[in-house]
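Colleague: Those protein sequence lines, which keep their order, are chains A and B.
Using this note's numbering, you'd call the opening residue of the first sequence number 1 and step up by one each time.
Using this note's numbering, you'd call the opening residue of the second sequence number 1001 and step up by one each time.
Take these hints with a grain of salt, some might be off.
[What the hints assert, rightly or not] With a cut-off of at most 30 Å between alpha-carbon atoms, the simulated DSS-like pairs for lysine-lysine come out as follows:
#, chain 1, residue 1, chain 2, residue 2
1, B, Lys-1277, A, Lys-277
2, B, Lys-1025, B, Lys-1414
3, B, Lys-1274, B, Lys-1377
4, A, Lys-235, A, Lys-254
5, B, Lys-1241, A, Lys-277
6, B, Lys-1274, A, Lys-277
[Stated by the list, open to error] Chain A regions said to be covered by chain B (calculated; three or more residues, Cβ under 8 Å):
#, segment
7, 37 to 45
8, 170 to 184
[Stated by the list, open to error] Which residues of chain B face chain A? A few of them, derived with a C-beta cut under 10 Å, are:
#, residue
9, Pro-1308
10, Ala-1334
11, His-1351
Please keep in mind that the hints were generated in silico from the structure rather than gathered at the bench.
Since we're looking at a predicted model, the values are computed, not measured.
From the three backbone atoms N, C-alpha and C, an ideal C-beta is built for every residue, glycine too.
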Amino acid sequence: MKFSISREAFLKPLQLVVSVVERRQTLPVLSNVLITLDNNLLSLTGTDLEVEIVGRIELEQAGQGGEITVPARKLVDICKSLPDKSVINFSEDGGRMLITCGKSRFTLSTLPASDFPSVEEGAGQVEFTIAAAALKKLIDDTAFAMAQQDVRYYLNGMLWEASNGLLRAVATDGHRLAMSSQEMPFSLPERIQAIVPRKGVVELSRILADDGDVTVTLGSNHVRIQRDDFRFTSKLVDGAYPDYERVLPKGGSKYVIGDRELLRHAFARTAILSNEKYRGVRLQLTSGLLKITANNPEQEEAEEEVTVDYEGEGELEIGFNVNYLLDVLGVLKGENFRMVLSDANSSALLEAPEADGSVYVIMPMRL
Amino acid sequence: MFALADCNSFYASCEQVFRPDLRGKPVVVLSNNDGCIVARSKEAKALGIPDLQPFFKIENLLRRNKVAIFSSNYALYGDLSRRVMETLQTFSPAIEVYSIDEMFLDLAGMGNDPGSYSRTIRETLWQHVGIPMSIGVAPSKTLAKLANKVAKKAPACEGVCVLDEARKWRWVLDRMPVREVWGVGRQMERRLGDLGIRTARDLANANPKILRRHGSVNLERTIEELNGRPCLELEDVPGDKQQIYSTRSFGTKARSLVPLQEAVAHYASNAGEKLRKQRHLARAVHVFFHTSPHEPRYHSASAVMQLPYPSDDIRLIVATARQIARNIYTPGHAFLKAGVGLLNIVDRQHHQFDLLQPGQNTRADTLMSTMDAINRKVGRCAVFLAAQGTHRPWAMRQQFRSPRYTTHWDELPKVRA
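With the rest of the complex left out, here is chain B (with noise of 0.2 Å):
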């Protein structure tokens, strides 16, 4: 049996974890630089306001029912993640973190009671971080997937539902359309439409060869897990990025080219320490920036440059992606959003050396690493390149931010008593 733990609401319940006089109150989070609604509080949700709404669109809607409006606060949601986990795993051996707010669980050899099983995991976990869950349990992940969202829809599962025979997914899988089904996009929905599958049921009851010509093996295996056969197992290990991009609007649109290049050496910067991270080269780098889509005379320009040697080095990243961003540089417009990616990554395991050019000498490496350390240990960005600009009026917009409590020291929560 597997179970797919989700966190309900998941940003908009941390902003409630230290803000208890927020709980059974609408809440609201807002994407990067303030952009649309991300994350809605149940409440919130009652009030009709819709998911990725744009945010200067509903603001009035918001006021008028005084719904609390947070920015997005990465580094709150990414260590409450991480207790989340934590907290998990003390229930099953073998798990699986599938994204920020929801993870698979193993419950093979956990007793024969898979319901208050996910209770209790379920109790723990408002005990232990203060996250309400919701636990769908079934033989497959596919059809665990499909349990979590009957846990959160349905008030009577309060928070778990258990598919563990035939004739209750089959209820389930009546009733629900082929699009919430685990792996079946828009595009996907529409093909499965034309061959008349449109419920759930209907995938389920499909032949699977004939299915096959229409997609690919994971649409087999898609069928094959909704009729209680497991195919997919857990992924235990994440597997590394094939390509990292840093991409962000700015709160101010960039007029010149100064704030420009301050920014992408900025982003190039952030995808050059998660490369390092994943302790990977780099071989290419690539860097785009464009206008607002919604405003005349869209503008957008694209380059990817070669680096002479795999790198990770953030001086020389950071010195191609400005000089790309000089080469495709042309004034006249206010460009609204720019991004950096690092394309061809390799492992460092398996270097490749190179006859002609020595590659990234020792004292790149040592640096690089001791960067790290000290951002580690005192805090992101404590140590910078002077071309990521130090007033950052591009720096994207989070008027609503909430203190980062459990990250940095002078943020924490203080109690009165």
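The shape of chain A in the complex, shown without the other chains (with noise of 0.2 Å):
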């Protein structure tokens, strides 16, 4: 393998590749890179064994193609620390890797190629088009959600689902649910399910630009994303996700509409205040106005009064985690917010007035 390409145009797939790299390891060959060149075509690929992802460039100059793996940090710590705008040299020789750049020389270890594990792929259910920035939405109003380290294992994860017309993703973690749907020209026979997993959402929403389309394959245990210039694999949460519409308040008494802005602001001063451990504050709601309450164990108290519009029968008294509150207050776009609520027990609907495709549920707590 031999090839050379300018420091700029060599990063931007490295970087879009390396963040999957795991710092510690169990295999060795996972902390490394696959570097592959075939007909000009430069194909970086890092893989977790869960997440993989591939970029790619076209070479202006041609090369002498073959396939190596060397250490993914070392190899980014290198070329970002290059000049910019030099040109690098790679050349593989003896099972080393020499990178030359003006008067700089540096050698690598390397792994065989062979032993760089890919993600396999199993048949795809489903495939379609999307455009990057639709995507990118779904994941990014609702990634907050998921949950982490739970043990149930499947909440560890986004759903995505296609049916007739839609597609939807749901995150929830238990104390509070959001989902956010897409309309898509689908026809398909019944609704198809994947859970994908936290990790690949993550690095999802970092790879995705704002412009073009990206070809979504969905199979029964991997998810693939792909354009000309990267291809993302991941594998599946292998579990059932809850049945998120049950959880899905129905109803409601208590109509509330604010200024999101304002009402976000009041709920982040009075977080200060509120108990570290448990976030717990307190919603108080009478005919035209919120009052929201908080308390610490050292008795200190905070306390914001939000003008809303409040439609409903009688007076609500209900606690929140604030962190959860503003989380939504944080993803939802437009100027206002509506909340549907009931009692104290039971679960709060929150969602932009002109319908966007985007709804939140988030759970009380005890009082």
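Mind assembling these two chains? They're in different frames, but the hints should get you there.
Modeller: Here you go:
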């Protein structure tokens, strides 16, 4: 293998794949990145056995093909520290990768490409093309609600569901749920569900750009998203996702509409004096007014009053983890928010009043 | 001014309260399972019986000197401790129960003569409960702790030492190794030694800002306190435990899964009782057991399992603990000790409801509070899970336990006149 490439052109695909490489590895080869050169198409691959990312770039000048793996972090550190706009030369010789650039010279250890594991691919169930920005929105609107290291392992990821005319993303940790939908020209005999693991979701959100389209392949045990310059593959979480539709509150008797930013700031201020461990705040809803209070074990207290439109019978007092409210108000778009409540023990539904496909459900806390 | 009131040889003194014949005689109390010596009366100390010594090693020495030997009787010590605290409470409105036999009192507003006030406290306690006590008085809690050590060690003090002036505490600090200072452990002692700080006085004179780099803000506080500037206040509400463990050695080693699971169920049940007492719920259970570390082929096993929902239901906790025990058990070992921990504890008051999991139902809540009510009224373990076993061959050895004089009707002391 032998090729030359500009520093900037090489760093782009390299930085795309390197973050998937874990710092501590079981297999030595997993801390390496796979470099493949085939007909001037240079591919870089990183994997943690669950998520695999391939970054691709066309070489401007012909090289000599081949495939080899080299330590990922060291390769990034070397390339990043070289001067801007320099040209880097790579050549493999006798089990070593020689990197030269101007008067700099590095020799990296290698491991054979045949040792490099690939994420196994099953048959695709459905394949579709979607705007990268639309897919990114689905992910970014919901990812915050994914569980982390929950025993209910199927919650440590994001549900993707393709049904007739709709692609939907759902995430929940049991305390709150986020759901976002996007209309799609599907016609499917039955709905298809896939749970994308947490790390895959985080990586995907990072590499998706705001422009262009991507092709999505949903298989029975993997998901693949690709474009000319990258290919992302992730294993799926093997498990049944809970029936999320069952937990979406139906009805609700109390409707609150208010200024989203105003409320977000009020919550952020009250949060300062809420219990550091439990983060509880108390919401008191009376005609036209939402009163938010918090206190902590040091007996310090915060109180905020926010004017809102309130429709519904009677008053309501309900407790929430303020972080959950702040998360939702942070991802909601638009000037106003709408909240639907029923009683102190039942979940609250939050959304933008002008429906944009995303809804959020938060379970209360005991006061 | 703070006073630290500390009972002398508390467990041994408790044993003497209902055995006047043992007053002035050597008495020792053994740890759980009669393992080693944890308390010695003044006379036992005078015989040169070392502290924390394995019982079997010095059994002959004890017998030769006709030392009275007791297994630990926590029902008795706990109840007498409560009586001690009750009496002390009448001497100050601001108190902090620091341990089973120690209490801090704030003496602000209690007159100008803390020495004679402390002597009154001491005499009243002797009259009310029959437990001897030492009292150290100083402007800070750290100095009060040191004053208490002086009160214990110097017979001339007659149980009370007041360090109310700088010259007095400096005299003491000069003569105290830094290890004796409250909050300085073995590690810290070594680190301070490297900096040339060997006595409490060296520490008091050290530059707090420089030392902060070697310790934490706590070390800086200690320095201030040693100079008579109080930084620590009384903590009147004891903090709730973040995790609850119940751990015991077995009376008879467990060679199969059945006794091991019984013991684990029993410890889980004890921990659950404590959990409910502080009105918390646990989210995970930890179980471990091991063989004797003094024998060859040492083997230990340990695992944590999450509960499906935060709970204080003993049925769920015990079932989980037994499940863990089954998972980590390997045959062919003689297990000496086991323990159960309840982890990730959350306050019931701040319970976060779950969308997918309704959590512990109210029937379980009612059952648990009924069970606790019966056990409080009739006696501990009046109602228990069958999984805890009925014979309990693994139960700890307590061959020398005195009667539970104050907490069990059938063990009340009898007076014949």
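Colleague: None of the hints should be skipped; say for each whether it holds.
Modeller: How the hints compare with the structure:
{"no.": "1", "hint": "Lys-1277/B <-> Lys-277/A", "verdict": "20 Å, holds"}
{"no.": "2", "hint": "Lys-1025/B <-> Lys-1414/B", "verdict": "22 Å, holds"}
{"no.": "3", "hint": "Lys-1274/B <-> Lys-1377/B", "verdict": "16 Å, holds"}
{"no.": "4", "hint": "Lys-235/A <-> Lys-254/A", "verdict": "42 Å, violated"}
{"no.": "5", "hint": "Lys-1241/B <-> Lys-277/A", "verdict": "14 Å, holds"}
{"no.": "6", "hint": "Lys-1274/B <-> Lys-277/A", "verdict": "21 Å, holds"}
{"no.": "7", "hint": "37 to 45", "verdict": "violated (count 0)"}
{"no.": "8", "hint": "170 to 184", "verdict": "holds (count 5)"}
{"no.": "9", "hint": "Pro-1308", "verdict": "7 Å, holds"}
{"no.": "10", "hint": "Ala-1334", "verdict": "33 Å, violated"}
{"no.": "11", "hint": "His-1351", "verdict": "4 Å, holds"}
In summary, the numbered hints that this structure violates are 4, 7 and 10.
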